[in-house]
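Given the sequences, and given the hints that come with them, work out the whole structure.
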Amino acid sequence: MLRDDQYFMNLALKQALRAQAQGEVPVGAVLVDAEKRILAKAHNQTIGRCDPSAHAEMTALRKGARKLGNYRLLSTTLYVTIEPCVMCMGAIVHSRVARLVFGAHDPKWGAAGSLYDLTRDNRLNHRPQILAGVQLEACRAIMRRFFQSRRGQPDRLPDDNGIPRSGDSCKAK
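Sequential numbering of the sequence shown, starting at 55, is according to this note's numbering.
FYI, nobody ran anything at the bench for these hints, they're computed from the structure. Positions of the beta carbon are idealized from the N, C-alpha and C atoms, including for glycine. Any given hint might turn out to be false.
[What the hints assert, rightly or not] Quick list of simulated restraints, FRET-style, between CB atoms:
#1 A152 - Q76: 25 to 33 Å
#2 R204 - K121: 30 to 38 Å
#3 L128 - N176: 19 to 27 Å
#4 H148 - A192: 23 to 31 Å
#5 G77 - L128: 29 to 37 Å
#6 G144 - R204: 26 to 34 Å
#7 K117 - Q183: 18 to 26 Å
[Stated by the list, open to error] Okay, derived cross-link-like pairs now, DSS-like style, lysine-lysine, Cα gap no bigger than 25 Å in a straight line:
#8 K117 - K90
#9 K90 - K68
#10 K68 - K121
#11 K162 - K90
#12 K162 - K68
#13 K121 - K162
This is how it looks when you write it as structure tokens:
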């Protein structure tokens with residue numbers, strides 16, 4: 055594990071804290087190029103954007119592609135606090151991210167070895183290099199604290215006036 059991996063995962067953890075502060079599942083992502091320049095930082099925004107695809111990984115990939123002017127993110131590394139889901143892993147493979155570094159495995163949704171493993175599917179034309187377990191305890195802890203705080207509570211998020219509401223988790227804007 056490289057010192058750079060620790061550094062960029064710490065940045066991803068900061069993004070996860072931003073998500074948590076906004077009432078989102080605390081996942082953060084950072085995309086860097088081969089020279090270790092940051093192309094994008096992102097956090098989960100599915101509720102705030104009312105967009106089921108606004109996962110941290112998807113947002114980072116979109117920002118990075120726009121910055122590079124190419125959806126193929128060759129020679130990049132994506133740092134994510136938790137193992138990507140099937141949707142995100144599909145986008146990582148499709149965009150040709152060279153390397154995926156994540157903190158904690160996700161046994162319920164993970165698609166890089168836990169539930170599914172799109173990284174070893176020989177039918178796909180690209181398989182990124184994987185490094186798991188970077189800042190493992192910090193990544194686990196942020197998720198554990200978030201879900202423990204929500205156990206037994208109804209799905210309630212503040213509306214524009216700060217008044218909790220139930221039902222849909224977001225409003226069309």
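Here is how each hint holds up against the structure:
1. A152 - Q76: 25 to 33 Å: holds, 30 Å
2. R204 - K121: 30 to 38 Å: The hint (30 to 38 Å, Cβ to Cβ) holds, given that R204 and K121 are roughly 34 Å apart.
3. L128 - N176: 19 to 27 Å: The hinted range 19 to 27 Å holds for L128 and N176, with Cβ atoms some 20 Å apart.
4. H148 - A192: 23 to 31 Å: holds, 29 Å
5. G77 - L128: 29 to 37 Å: holds, 35 Å
6. G144 - R204: 26 to 34 Å: holds, 27 Å
7. K117 - Q183: 18 to 26 Å: Cβ of K117 to Cβ of Q183: about 22 Å, so the range 18 to 26 Å holds.
8. K117 - K90: Roughly 16 Å separates the two Cα atoms, so the pair holds.
9. K90 - K68: Distance of about 18 Å is within 25 Å: holds.
10. K68 - K121: Distance ~21 Å between K68 and K121 Cα, so the pair holds.
11. K162 - K90: violated, 31 Å
12. K162 - K68: holds, 23 Å
13. K121 - K162: The hint is violated at about 32 Å.
Of the hints listed earlier, those the structure fails to meet are numbers 11 and 13, in rising order.
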